[in-house]
Structures are given as C-alpha cells and as structure tokens.
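The task is simple: from the sequences and hints, build the whole structure.
Each chain, written out:
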Amino acid sequence: MVKYSITRLLQSAVTVLIVATIVFLLMRALPTDYFFTEEEVMKLTEQQKQDRLEAAGLNDPVAQQLLRFYNELLHGDLGKSRRIRVDKPVIEIIQERFPVSMKLGLISLGISLVLGIALGILQVLNKEGPLDHLGMIYTIFVNAVPPLVTYSLVLMFGAKVLDLPSMFSKRNELQSSIMPVVCLSLSSIAHYAMWTRRYMVDELNKDYLRLCRVKGMPTKDIMIKHVLKNAFVPLIAYIPASILFTIGGSLLVERFFGIPGMGPLLVDSIGRYDTPLVQGLVVLYASMSVIGVFLGDVMMTVMDPRIKLTGKGDTR
Amino acid sequence: MAENRQPILSAKDVEIEFTLRGKVLKAIRKCSLDLYKGETLAIVGESGSGKSVFTKSFLGMLDANGSITGGTITYDGNDISKYKTEKQWMAIRGKKISMVMQDPMTSLNPLKKIGRQIEESITYNQGIKGEEARKMAIEMLSKVGIPDPERRAKQYPHEFSGGMRQRVVIAIAAACRPDILICDEPTTALDVTIQAQILDLIRGLQKDLDMTVIYITHDLGVVANVADRVAVMYAGQIVEVGTVEEIFYDAWHPYTWALLNSLPQLGVKGEELPTIEGTPPNLFNEVHGDAFAPRNKQALAIDFEEEPPFFNVSETHIAKTWYLDPRAPKIEQPKSILSLRNKMKK
Amino acid sequence: MASKQDELFRFVEYSPENAERIGYSNYSYWRSVMQNFLKRKSAVFMLFVFVGLVIFSFIALAIGKYDWATLVTNTDLAFHKPDGEYWFGCDNLGRDYWCQVWYSMQTSVKLAALVGGGECVLGIVIGCLWGYVRWLDRPITELYNIINNVPMIIYLTLIALIFRGLSFPVMCITLIAFGWLVMARNVRNLVFMYRDREYNLASRCLGTPISRVLVKNIFPYLISVIVLRLALSIPGTISLETTLSYLGLGLGIDTPSLGILLRNARNYFVDYPYLLVFPAVVVALITITFYLLGNAFSDASDPRNHV
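Residue numbers (the working numbering), protein chains in the order written: chain V, 1 to 316; chain S, 1 to 346; chain G, 1 to 307.
Calculated from the structure, these hints are not laboratory results.
Please note that the accuracy of each hint is not assured.
Here are the computed lysine to aspartate or glutamate pairs in the EDC-like style, where the Cα-Cα straight-line distance is at most 20 Å [to be verified]:
hint, chain 1, residue 1, chain 2, residue 2
1, S, K154, V, D304
2, G, K39, V, E128
3, S, K113, V, E72
For each label pair, taking beta carbons as the anchor points, the in silico distance ranges come out as [said to hold, decoys possible]:
hint, chain 1, residue 1, chain 2, residue 2, range
4, G, T208, S, K335, 44 to 54 Å
5, V, T21, G, S167, 26 to 36 Å
6, V, I18, G, V125, 18 to 28 Å
7, G, P139, V, Q11, 14 to 24 Å
8, S, I128, G, R31, 50 to 60 Å
A quick note: this is a predicted structure, and the numbers were derived from the prediction, not measured.
Positions of the beta carbon are idealized from the N, C-alpha and C atoms, including for glycine.
Structure follows, in structure tokens:
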C-alpha cells in the first residue's frame with residue numbers, strides 16, 4: 001500500500017511538471033506587448049520595452065528560462081508577481097485570496113451534498129412519481145440552460161424579491177454570500193442528485209437484493225441497509241477532489257458577484273502577462289487535481305473491501 | 001407415499017403473464033402441482049420452460065411486469081396467489097418459504113461481511129438479535145461445512161470460492177428455518193466435483209431442520225440423486241408427475257421420453273447422441289393443443305387440435321398426453337426407455 | 001363430437017420446419033429507432049417546438065421593425081418598456097431589444113450547430129481510429145492527456161488574447177478544437193468495448209468484412225452515445241459561448257451574442273426585469289428542448305431498448 005502510494009505521488013509530480021512546462025511554453029506564445037499596460041505600450045520606446053523585458057528575463061532563450069523555472073520550483077519559490085501586485089510574492093497573493101473562495105466553496109459543497117443526496121434518494125423512492133419528475137425537471141433545467149442565465153435569474157429573484165445585495169462585500173459578508181452560495185450549489189445539487197439516483201437504481205437491479213427479499217427483509221430496510229450503503233461508495237471517491245477544488249473558486253460566479261477570490265485570478269494574470277503568477281497558479285491547480293484523484297482512490301480502497309485485496313495481488 | 005396425505009402447498013391451474021414492451025407473454029399456462037410434507041420434489045425442464053417463474057410466484061418474487069392472472073396457490077389455508085401487499089408476503093418469505101438461487105457469485109452483497117448477512121436472516125425470521133444472532137450465524141456456517149467459521153464470518157464474499165459462497169447462500173436460506181426450501185439450479189454454476197457435496201449438504205439440512213425441498217433443475221443426474229417425486233415441465237405447463245422410479249422407468253409423455261433419451265449416459269458408443277429437434281414454442285402466441293406436438297415425431301392429429309387432460313398411470317403418476325387415451329393407437333414406450341431400467345439397474 | 005374427435009387419433013407426418021418455427025419478425029435497426037422515438041409523444045412535441053423556434057427566429061427578424069445592422073443608439077429611448085412599437089422594449093442604449101434577442105439567438109444556435117457538427121465529425125473519426133487501430137492507441141492517448149490536463153480556461157484565454165476578440169469563425173474552430181476530446185473518448189471506449197466481443201470475433205472468423213462488422217454491429221451502439229453527446233454538446237456550447245462572451249473572452253462586441261447581451265444588462269436587469277426575462281426564456285426553451293430531444297433520440301437509438 002505504501003509503495004503504491006509513493007509510486008502514485010511520483011507519477012503525479014511528473015504530471016504536474018509536464019503541465020507547468022506546457023503552460024510555461026504557451027505563455028511565451030503570447031505577443032510580448034501584453035507585458036505592458038496600455039499606457040506603457042504607447043508611451044515607451046522600443047528600446048525601453050526591450051530593456052524592461054531583458055530585466056524580467058524574458059528575452060533569454062526559452063530553454064534557459066525553463067531551467068530557471070525548474071530551479072526555483074525545486075526551492076519552493078513561486079516567484080513574485082509582476083503585474084497583479086508588483087513584487088508581491090505569488091504565495092502571499094494566493095494566501096490572501098483563497099480563504100474567500102474556499103469558505104464559499106465549502107459551504108456550497110456541504111449544502112449540495114446534503115440536498116443533492118436527499119433529492120436523489122427521494123427520487124428513487126418515488127420512482128416515476130411526481131417527485132421524481134420534479135427532480136428531473138430541476139436537473140434538466142440546471143444542466144441545459146447556460147449557467148449565466150440561471151445565475152442572472154437567481155440574482156433577479158434574490159435582489160428584487162428577497163432584497164439581497166447584488167454584489168459581494170466583506171462588510172456585509174453573511175447576506176451578500178447567500179446568492180453566490182446558491183449559485184454555486186445549483187448545479188452540484190443536480191449533479192449529486194443524478195448520481196445518487198443512478199447508483200441507487202443500479203444497485204436496485206443487483207441479484208443480491210433478491211436474496212435479501214427472499215430471506216424476508218422488508219423493502220425499507222433493504223433500501224437503507226444495503227442499497228444506500230453500497231451506492232455511497234462511488235460517491236465518496238469524489239469528495240476529496242471536490243474539497244480541494246473549492247480552493248480554486250468559480251470563475252464565473254466570482255466575476256458575476258464581484259467576489260475577490262481565486263477564480264478570476266488566473267484569467268487576469270494571463271491577460272497581464274504576469275508569468276510568475278500564472279505559473280504558480282497552474283502548479284497549484286495541477287497539484288490539487290492529482291492529489292484529489294489520488295485521495296479519491298485511497299478512499300475507494302478504504303470503503304470497498306474488494307479493491308484493497310486485489311491491489312495487493314491477492315487472487316480470488 | 002402420497003396417497004392420503006394432504007399437500008402442504010397446492011397450485012391449481014396457475015396462469016402467469018408478463019407484459020413485455022406492449023406484448024403479453026403467457027409464461028405459465030394452467031399449471032398444477034401438489035407438494036407434500038417432507039418430500040423432495042424435482043421440477044425438470046428446458047431453459048425457458050417456466051420452472052423458475054412458477055416457483056417464484058410462491059414467494060411473490062415475480063418481476064414487476066409479471067402477474068398471476070389465473071388459478072390458485074393454496075398454502076397454509078390461504079390463497080397466496082392473491083397476495084398483493086408486502087406485508088402479506090413478509091409472513092411467507094423466509095419464515096415459511098425460502099429460496100436458494102442459481103448464481104452464488106452475485107447473490108451476496110459484496111460490501112457486507114458474510115456473518116452480518118446470515119445474522120440478518122436470523123433476525124428477520126426468528127427475531128433474535130445481537131450477540132445471540134451472531135453465535136447462531138457462526139453455528140450455521142459450521143453446519144454448512146465451512147471450516148474455521150469464527151474467522152470466516154468476518155470476511156467478505158469475494159474471499160470465498162464459488163462452492164463456499166453457495167454454502168453461505170444455503171446457510172442464509174436455511175437460517176430462516178423455512179418449511180419449504182426452493183433450490184433453483186443450485187449446482188449449475190459449480191464444478192462437478194462440488195455438486196455432489198452441495199446436494200449432500202442440502203439433504204442433511206433437510207433432515208436436520210425438517211424441511212420440504214423443491215429442486216429446480218435441467219440435470220437428470222441431480223434428479224436421480226435427490227428426488228422422491230419428479231414433475232416434468234414444458235412450455236409453461238407441468239406435463240408429467242410421478243415418483244422418481246415411475247418417471248425414469250415408466251414415463252409416458254413423449255417429452256419425458258425425449259429428455260431421458262438425450263442422457264449421455266444412455267448413449268451407445270459410436271452412435272450419434274440423440275437430441276430433441278426444433279425449439280420450444282413462442283409463448284407470445286397462443287398455443288393450440290399439445291405444445292410438444294410440433295417436435296414430436298410420432299404426434300397424433302388430435303395433438304394439434306386439443307390440449308390433452310391428465311391421465312392416471314397409477315395413483316402417484318399422472319401424464320398429460322393423448323397417448324394414454326383409450327382411443328389412442330397402441331403405442332409402446334420407446335425401446336430405449338425400457339432398456340433404461342436395465343441399464344440403471346446395472 | 002365424439003366420433004369427430006375419435007378419428008383424430010392417428011399419426012401425422014413430422015415436419016421439421018414446423019418444429020423450428022418461432023415466429024419472430026424481421027428486425028430493422030432504423031425502423032425500430034423511428035418506432036421507438038415516435039412512441040414518445042413528448043419527444044415529438046419537443047421536436048416541433050425546437051424546429052418551430054429556429055424557424056421563428058428567422059421570421060422574427062424579418063417581421064421585426066428594426067434591422068440589426070441599422071440600430072442606432074438613442075438615449076431617449078433607453079429602458080423603454082415593451083409596447084406596440086418595440087416588442088421587447090429597448091436596452092440601456094435605446095436600441096430595439098427584439099432584434100437583438102433574436103439575432104443573438106441565431107448566432108448562438110448557428111455557432112452551436114457548427115461546433116456540434118465539427119466536434120462530431122472530428123470526434124468520431126479520431127475516436128474510431130483511436131479505438132480500432134491498435135498502434136494508434138498510445139500516441140493519441142498521450143495527446144489527449146496533454147491537452148486535457150491543462151485547464152481549458154488557459155487555452156481559451158490565450159487564444160482570446162492573441163486574437164483580441166474572436167470572430168465567429170475563429171470561435172468555431174477553437175471550440176471544435178477542444179470539443180472533439182470528449183466525443184473521441186466516448187467513441188473510443190465504445191469501439192474498444194465492442195470490438196472484441198465474441199460475436200464480432202465470430203463474424204470476423206466467418207469472413208465478414210470489417211466494414212460490415214463496424215456498420216452493422218458496432219455502429220448502432222455508437223449512434224446512441226453520439227446523439228447523447230450532441231444533446232449535451234449543443235446546449236453546452238451555447239453555455240460556454242455565453243460564459244466566455246460575458247467574461248470578455250468570447251465573441252467581439254460587434255457580433256451579437258447572448259453573453260454580450262447579458263453582460264450589458266447585468267447591472268440593469270434588477271430594475272428592468274424584461275431585459276433578462278426575454279432572452280432567458282428564449283434560450284431556456286431552445287436549450288431545454290434540444291437537450292430533451294437529444295436524450296429521447298439517444299434512448300430510442302440504443303439497441304438494448306428495441307423490441
């Protein structure tokens with residue numbers, strides 16, 4: 001088990017490195033004009049521009065820049081932001097912003113899990129009934145209609161009818177968080193409800209349930225003690241990844257409600273050619289992604305006794 | 001053996017239909033069967049003859065698109081074919097009638113310990129919980145022949161081999177202490193070497209727990225091994241019932257002859273193995289007359305027109321064929337059947 | 001009666017054909033698909049609604065009083081409520097909303113259709129090759145992983161910056177360039193799965209040409225998945241385009257699109273709900289009907305649901 005984990009982590013590290021490299025190279029594909037603000041583009045002379053680029057190390061051959069990047073990375077140094085906050089260490093910028101995103105994200109995750117799974121269970125218990133159809137309608141709406149439209153509708157309803165603030169602000173944090181959290185949760189609820197329903201229906205078709213019925217278990221008990229427990233297992237695998245992703249924040253929601261979180265950071269920093277920040281963020285996101293998947297696999301081995309043993313090479 | 005006793009379960013003219021994508025499949029067509037206490041009855045037939053469906057109806061375990069549309073099934077004084085609610089079936093399932101199913105690989109919950117699954121059986125049918133139930137579960141495991149039951153009870157299904165899993169399933173079914181145990185092809189999915197052990201196990205439990213056992217099988221070898229009485233089923237109907245000797249040595253229905261004929265053990269070395277040509281009828285359509293007639297090389301004209309009634313061959317032996325009508329031409333049982341008696345005695 | 005019955009007690013000829021008669025009808029794949037689809041009345045209804053909407057969008061522009069190209073800003077008319085003259089009212093710059101909404105809708109649908117078609121073609125071709133030709137599996141998988149691991153937003157931002165406001169064709173190509181990934185993976189998984197099923201191996205052993213195996217055996221399973229992907233892809237493309245345009249990473253301001261519309265209106269629609277309601281209803285209708293339509297067709301074309 002330990003050996004397997006270490007191999008996985010090493011593989012993940014390689015993946016992260018590859019991703020970071022690709023992004024690094026992609027950034028170099030941007031025209032260098034983006035390095036400067038609009039003002040500077042017009043005001044500075046060509047020579048001045050070259051000088052600044054030289055100072056930032058952007059005129060060096062790509063290979064050299066790459067090696068420098070790896071070197072810094074190994075030392076845990078993500079560099080300093082160049083444009084978003086001049087000369088502020090990337091790590092500090094991230095530290096400043098991720099709590100907001102994470103807080104909203106975790107609250108939303110909790111709500112989505114509870115409501116989503118509950119909805120899924122209700123749907124299965126009431127299969128083909130009115131509640132099931134209502135749940136389906138909700139899921140279809142959330143999945144088909146562009147999220148921007150749904151968020152706008154939420155905003156309109158919340159601001160007009162419930163009189164909630166339409167922009168996020170730290171001063172009125174509780175009230176102004178309500179609509180963003182709702183928006184964040186909408187599609188997750190539909191997602192969890194759909195998965196719960198699907199897994200439970202799958203389990204309901206399994207053979208061992210027939211044995212349970214034959215040995216005299218009432219349907220209610222079968223649902224709770226067997227079906228539900230079994231259906232949970234695949235869901236659990238996604239939870240660590242979901243928790244980690246809350247760090248990243250949602251680009252659209254944060255832009256829509258003006259939340260100073262991690263979401264818009266990546267896009268903004270690319271736009272301003274803030275290469276250290278971009279690279280730092282990419283390394284962060286890629287690491288989160290692989291760690292999330294890894295933790296999910298670990299959870300699966302914990303919850304499903306079949307997987308553990310086959311992993312060890314036991315034959316049965 | 002069956003003369004003056006009252007049957008504990010009596011099915012009369014049962015009809016079961018399934019709706020499949022708008023069409024109606026008549027899976028069981030006027031099927032009758034009696035079950036007597038303490039006996040071992042084998043129901044024999046091809047795949048698709050309706051053996052499983054028929055017995056599932058005793059437990060209310062038909063699929064959602066199936067229903068009993070005719071006849072009665074009398075058990076313990078009640079007509080259980082009319083049961084609709086789960087509450088009614090709860091009184092039957094497990095406690096009175098229990099079932100061992102065909103595929104041990106998928107019959108157990110892969111994520112639950114074996115001990116727990118047996119305990120559930122005990123709790124729901126005998127009302128015993130907790131530590132006592134746990135002890136009984138371990139006792140049950142050793143009864144079905146699983147070594148080291150204390151340790152095994154804490155393991156998961158995938159840690160057991162096929163044969164052992166089937167023993168566990170039998171343990172679960174037997175732990176209900178039912179009056180009637182239905183075994184649906186319990187050995188089909190197992191190695192031949194394990195088959196005999198499982199049959200012995202069931203026989204032992206039957207004596208131990210005073211159960212009546214119904215075997216569903218297409219393997220005449222199993223029938224010869226375990227059965228007291230045999231019922232032959234074809235195209236949704238029982239066509240012949242009798243004691244095991246009567247069926248093997250004195251069968252009268254042409255389908256039974258064909259079945260017995262195709263036993264490999266009876267084949268003569270060097271000759272082609274006899275088979276039954278053709279296929280069973282499509283039960284989406286109405287069947288006229290004797291269902292086996294199209295495949296019967298020596299069919300009578302009336303076989304195609306009218307369905308034969310049951311004729312008595314002896315007090316314990318009935319067969320549903322026009323051959324036994326006094327008006328029928330003189331028909332002798334095939335030579336192979338007659339010589340079967342001799343071959344078997346050898 | 002008795003005598004009539006008596007005379008039937010004679011032997012008859014045995015006919016092997018009768019013994020084999022089962023009575024199952026001929027199975028034609030496409031006929032079953034059509035039958036299955038038409039049986040669901042709701043699906044047929046959706047089809048009419050969807051086609052109706054698309055056709056209406058053309059009609060709407062024709063009968064609309066104002067032409068998109070000749071819209072003038074007129075601050076006097078700003079936020080003019082819907083009435084006889086301006087059926088959808090006016091936006092914050094006094095421009096007729098009716099033609100804006102319908103024009104944006106057309107743009108979105110056109111984009112989605114083109115992207116969907118492109119994804120399909122590219123995805124199916126690559127997916128089939130990926131799944132069927134063994135030695136291509138490794139290289140294409142690596143390519144897929146590389147593209148997939150980098151968050152798409154990075155690619156999109158970069159492209160938006162390089163092109164400084166995307167034109168319609170560029171947007172199309174970009175979205176297709178990332179859309180084929182999912183389709184190809186789905187197709188490849190299916191081809192992989194069915195390629196070596198026993199009945200296909202048996203067919204090949206019996207000398208059936210590979211093309212026939214592909215078309216008759218594997219393809220019906222593919223169709224269901226492809227249609228399902230399409231059903232999700234078209235509303236998905238509309239969503240993506242909306243989001244990107246809203247964030248400034250999508251179509252330029254000159255091309256009307258839903259995202260731009262909503263971006264302009266974001267600050268105002270709390271006070272003037274009609275600015276949101278009209279486009280929202282139109283888009284919701286289109287996306288939902290297409291989604292349901294696609295799901296229904298996908299169910300109908302799944303061979304496992306056939307009689």
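Results of checking the hints against the structure:
Our distance criterion of 20 Å between C-alpha atoms is met by S/K154 and V/D304, whose separation comes to about 15 Å. Proposed proximity of G/K39 and V/E128 is supported: the alpha carbons are some 18 Å apart, at most 20 Å. Of the supplied pair hints, the one linking S/K113 and V/E72 is violated, its CA atoms being roughly 51 Å apart against a limit of 20 Å. The given range of 44 to 54 Å is respected by G/T208 and S/K335, whose C-beta atoms sit roughly 46 Å from each other.
The hint said 26 to 36 Å for the Cβ distance between V/T21 and G/S167, and at roughly 31 Å that hint holds. The hinted range of 18 to 28 Å is satisfied by V/I18 and G/V125, whose Cβ atoms lie roughly 27 Å apart. Taking 14 to 24 Å as the suggested C-beta distance range, the pair G/P139 and V/Q11 conforms, at roughly 19 Å. Here the CB-CB span from S/I128 to G/R31 is close to 59 Å, well matched to the stated 50 to 60 Å.
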